[in-house]
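Engineer: Heads up: the protein sequence lines correspond to chains A and B, in order.
With our numbering applied, the first sequence covers 1 to 344.
With our numbering applied, the second sequence covers 1 to 189.
Simulated from the structure, these hints should not be mistaken for laboratory data.
Bear in mind the structure is a predicted one, so any value in this text is a computation, not a measurement.
It cannot be assumed that every hint is accurate.
A few chain A residues that face chain B, going by a derived Cβ cut-off under 8 Å, partial list only [stated by the list, open to error]:
{"id": "1", "residue": "D88"}
{"id": "2", "residue": "S114"}
{"id": "3", "residue": "N116"}
{"id": "4", "residue": "V200"}
{"id": "5", "residue": "A202"}
{"id": "6", "residue": "R230"}
{"id": "7", "residue": "T234"}
{"id": "8", "residue": "A268"}
Every residue gets a Cβ at the ideal spot worked out from N, C-alpha and C, and that includes glycine.
Here is what each chain is made of, one letter per residue.
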Amino acid sequence: MSDQAGKPLIQVEGLSRVFDLSKPWLNRMIEREPKRTLTAVDDVSFEIRKGETFALVGESGSGKSTIAKLIVNLLAPSGGRVLFDGDDMRKATAANARQMRSRFQMIFQDPFASLNPRWRVGDIIAEPIRAFDLASDKASAAKRVDELLETVGLAASDAAKFPHEFSGGQRQRVAIARALSAKPEFIVCDEPTSALDVSVQAQILNLMRDLQDEFGLTYLFISHDLSVVRHMATRIGVLYLGRLVEVSEGKALFQNPQHPYTSMLLDAVPDLDMTGRTRTQVVGEIPNPIDPPSGCRFHPRCPLANDRCKSESPILQPTGIGEAACFALEERRRDAFAPLAQAK
Amino acid sequence: MDEVGIPAAKRRMDDYPHQFSGGMRQRVVIALALAAEPELVIADEPTTALDVSVQAQIIDVLKRLCSERGAAVMLITHDMGVIAETADRVAVMYAGRVAEIGPVKDVIQQAKHPYTQGLMGSIPTLSHTGDRLVQIQGSMPRLTDIPTGCAFNPRCEYAFDRCRKERPSPIKSGDRAVACWLPDEGSAS
């Protein structure tokens with residue numbers, strides 16, 4: 001993987017997704033209501049390099065999972081495009097699209113819902129192998145399933161069991177084995193550990209890292225847990241109400257957050273070290289995405305907002321460490337706010 | 001409702017719960033709990049369903065109101081960060097029994113029970129950048145099938161014969177108590 005490291009595998013360009021929440025046409029006509037739409041993802045651009053773990057963080061409703069679904073083509077974008085290794089999957093021919101599909105997989109949040117309860121684990125893991133015709137016969141498919149189960153730390157004999165016979169952590173291992181069975185290059189992990197206990201979470205995170213080293217995988221890692229993201233990510237994108245507000249190298253983001261929202265988010269994480277640092281009081285909550293604020297969407301909660309923030313919408317600008325979309329940074333008003341980052 | 005920080009509380013009195021966001025709903029619940037001026041508030045995972053930024057607000061409200069009214073709080077959570085920030089004393093539970101109890105600072109920084117030690121190591125933190133997380137082997141036993149002796153013994157790297165036969169009770173030392181045979185044996189870490 002080293003020869004291709006740094007080359008973008010996924011390029012996301014100006015991606016948007018709008019959901020229509022309007023009432024049916026007739027009701028709208030009778031009640032004279034306009035169409036109502038929700039912009040879940042708004043003009044988001046980033047790239048994921050080969051072999052890295054790119055993390056997306058943000059609060060509920062910031063559009064993390066929508067982006068994941070857009071990237072794996074489970075949802076169609078309303079604008080912009082996603083390039084996988086230079087090709088747009090939506091423009092590819094059916095045969096090409098199928099071939100591309102085998103190169104990426106997804107791990108879902110809830111291992112209790114993402115595995116079919118009426119299938120044996122062996123069949124669940126073999127499904128991608130069958131779907132993409134990766135094994136010549138049944139015996140070799142079964143052999144591959146056994147190998148996969150051992151790779152993720154389960155026993156080959158577990159293939160005959162049903163999902164309900166496993167604990168949450170073990171089920172997530174099954175989901176990982178299924179994702180690996182098609183030999184993908186890229187795995188989208190949508191909150192893979194948020195349904196698990198911390199001690200089990202540690203096992204799964206360690207496993208995911210080992211597999212990345214072993215198979216040269218690229219991850220898109222979606223989480224709202226900043227400490228997990230810090231542990232896993234090479235680069236991090238911070239989402240707020242469907243917009244990317246900051247993109248930065250993993251460590252730099254935590255040592256020196258640029259965007260006021262990132263600072264606020266980091267500050268809100270309860271802290272095991274009990275340094276007794278004073279926190280900046282978090283103000284307000286994420287607004288309703290049906291009716292987002294004008295200008296910079298963070299301005300109603302931002303201590304640095306001025307008139308420009310209320311009317312214009314900032315775009316990502318290089319900050320020296322990464323990129324951030326903030327007028328306070330551009331105008332160098334951010335300094336007054338700087339001590340936030342220096343608690344550690 | 002004003003005290004728990006709901007904006008325009010008067011106007012929202014007649015709203016239904018679904019008209020509130022998650023954080024606001026949790027504030028309503030806190031208001032509800034405090035309405036009868038209780039001496040003890042039991043909070044079962046009060047912030048687990050919330051985002052971190054909202055979680056910080058809720059913890060603040062809970063702490064402030066309870067200290068103002070002199071109410072005791074029993075906080076149940078799996079989030080060690082929340083405990084470190086909020087609690088005075090902490091009891092670590094394993095398979096239905098208390099493994100370790102003591103002041104938060106001591107338990108978190110110098111855990112004595114091997115389970116607590118493993119648990120602390122498995123939490124990724126913002127300040128720490130190890131390559132791998134400590135992992136506790138295996139998973140929680142089924143509660144219908146708790147191992148004999150110390151419930152943690154099959155997963156414990158220090159387990160010896162006595163752990164497999166006798167169940168340890170919390171042994172007091174100062175303001176802490178640990179249910180483990182190790183300190184007794186003098187071979188503890």
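Engineer: Now tell me if each hint is right for this structure.
Structural biologist: To see whether the hints hold, each was checked on the structure:
Interface hint at A/D88: violated, since its Cβ lies 34 Å from the closest Cβ of chain B, which is beyond the 8 Å cut-off. With its C-beta approaching chain B no nearer than about 19 Å, A/S114 sits outside the 8 Å limit, and its interface hint is violated. Using the Cβ-Cβ criterion of 8 Å, the hint placing A/N116 at the interface with chain B is not satisfied: the shortest such distance is roughly 22 Å. Against a cut-off of 8 Å between C-beta atoms, the interface hint on A/V200 holds, since the closest Cβ of chain B lies about 6 Å away.
For the restraint placing A/A202 at the interface with chain B, the shortest Cβ-Cβ distance is roughly 4 Å, inside the 8 Å limit, so the hint holds. At about 6 Å, the closest approach between the beta carbon of A/R230 and any beta carbon in chain B falls short of 8 Å, and the interface hint on this residue holds. This hint is violated: A/T234 has a C-beta 13 Å from the nearest C-beta of chain B, more than the 8 Å allowed. Taken as an interface hint, A/A268 checks out: its beta carbon lies about 4 Å from the nearest beta carbon of chain B, inside 8 Å.
Hint compliance for this structure: hints 1, 2, 3, 7 are not met, and every other hint is.
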